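Student: Sequence:
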Amino acid sequence: MIDYDKIVSERAREIKPSGIRKFFDIAQQMTGVLNLGVGEPDFFTPWKIRQQAISVLEKIKTSYTANSGLMDLRRSISGYLGRTIGVDYKPENEIIVTVGGSEAIDLAIRALVDEGDEVLIVEPCFVCYAPMVELSHGVPVTVETSIENSFKLTAEALRAKITPRTKALILPYPNNPTGAIMTKEELEPIAEVLRGTDIIVISDEIYSALTYGREHFSIAALDGMRERTLVINGFSKGYAMTGWRLGFLAGPQPILKHILKIHQYAIMSSPTVSQYAAITALEECDDDVAKMVEEYDVRRRYVVNAFNKIGLPCFDPEGAFYAFPCIKSTGLTSQQFSERLVYEKKVAVVPGDAFGKCGEGYIRVSYAYSLKNLKAAVKLIEEFLEDLKKEHGDE
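Position one of the sequence shown corresponds to residue 1 (the numbering used here), numbered consecutively onward.
Hints were generated in silico from the structure; no laboratory data involved.
Keep in mind the model is a prediction, meaning the values are calculated, not measured.
Built from N, CA and C at the ideal position, the CB exists for glycine as well.
Careful: at least some of the hints might be erroneous.
Claimed, not checked - Straight-line C-alpha distance at most 20 Å; calculated SDA-like pairs for lysine to any residue:
hint : residue 1 : residue 2
1    : Lys-357   : Gly-79
2    : Lys-357   : Arg-214
3    : Lys-372   : Glu-294
Unchecked claim - DEER-style ranges, computed between Cβ atoms:
hint : residue 1 : residue 2 : range
4    : Lys-161   : Lys-59    : 50 to 56 Å
5    : Lys-375   : Pro-313   : 18 to 24 Å
6    : Arg-11    : Asp-198   : 45 to 51 Å
7    : Lys-261   : Gly-196   : 47 to 53 Å
8    : Met-30    : Thr-197   : 45 to 51 Å
9    : Lys-257   : Met-1     : 44 to 50 Å
10   : Lys-184   : Ala-12    : 38 to 44 Å
11   : Thr-31    : Gln-253   : 48 to 54 Å
12   : Ile-7     : Asp-286   : 28 to 34 Å
13   : Pro-313   : Thr-183   : 32 to 38 Å
14   : Glu-192   : Asp-387   : 37 to 43 Å
15   : Lys-375   : Asp-286   : 28 to 34 Å
16   : Ala-376   : Lys-184   : 24 to 30 Å
17   : Gly-331   : Ile-15    : 26 to 32 Å
Could you build all of it, start to finish, from the sequences and the hints given here?
Tutor: Here it is, written out as structure tokens:
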């Protein structure tokens, strides 16, 4: 009989399953669950994008594209970055189209990290960064943020974690799970720490189109930072194109030429139909994105106010589509709270510690769902809190 534990690599065995998927899977196995756990827009992909995809299929444009992606798409991405973050990238050799933002993150890490290299990871953050660093034989180093500094990276915290082995900094803003953003003024001290070093910034800007009250600012736009920043973005969140699996990476050609080699061997090229559709997204769908952002903002304001009202203090998110309420007053851990909530009230959320140890005491709630569902979920969460009070004899 085969001993599979001896066959599977040690690193693969040691990686923990995604904390997000755990509660998604629980919800999938139950009936009638209000699932606020997965970060997926509830909007349909805009019709113009779908229409373009239909046309491409009818014309049988289904062959491989260039490894870097369709040139027309790379030109559109170049224009998009120029007008949104104010940084120009050459479509010929400074942009690569990827299979979602996740592949772009993986490519960046694999191209940069050698065994023992340290990668600074700002937490709380998306769950994939540390495992990807470990798979590349690197060492993930946590840089914690907290509600006291609005979940933003500070120059002091960054400087304290830099060592001679530091190879890269993953900068995840707008942030998943907190919804925090960083302004130009807040990024400038970070850039000042990094200027003159060989540390590369992997700037995950997948939620850049989803901000409220202010526009996203990229660290790549600051003096001296374009040359040491890899900008990652995509179409899943802003354009409601999660299943289309399309993202992109922009950065200095001396790094991208090596990233392209990994992409060539691993993927060949991104989905052709999705690439053609993405051109339409970038060129014709700004109004559709604006309408979605407007609706998200309504939900955002409702969710934050509702959680504060029922006694779960909630950080006010300025980006993405997540709320990060504090559940410390319940006496439960994030895991306990989330498990009991889904089993007792059929509301699925994600425990905050899935996004790093400093996320303990919080839960992530996605408001990428209808206001009707959000109101129903909040009512059930309020009932759950009342049940907890009865357990503790607080009535």
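Student: Which numbered hints are broken by the structure, listed smallest first?
Tutor: Result: hints 1, 2, 6, 7, 12, 13, 14 and 16 break, sorted rising.
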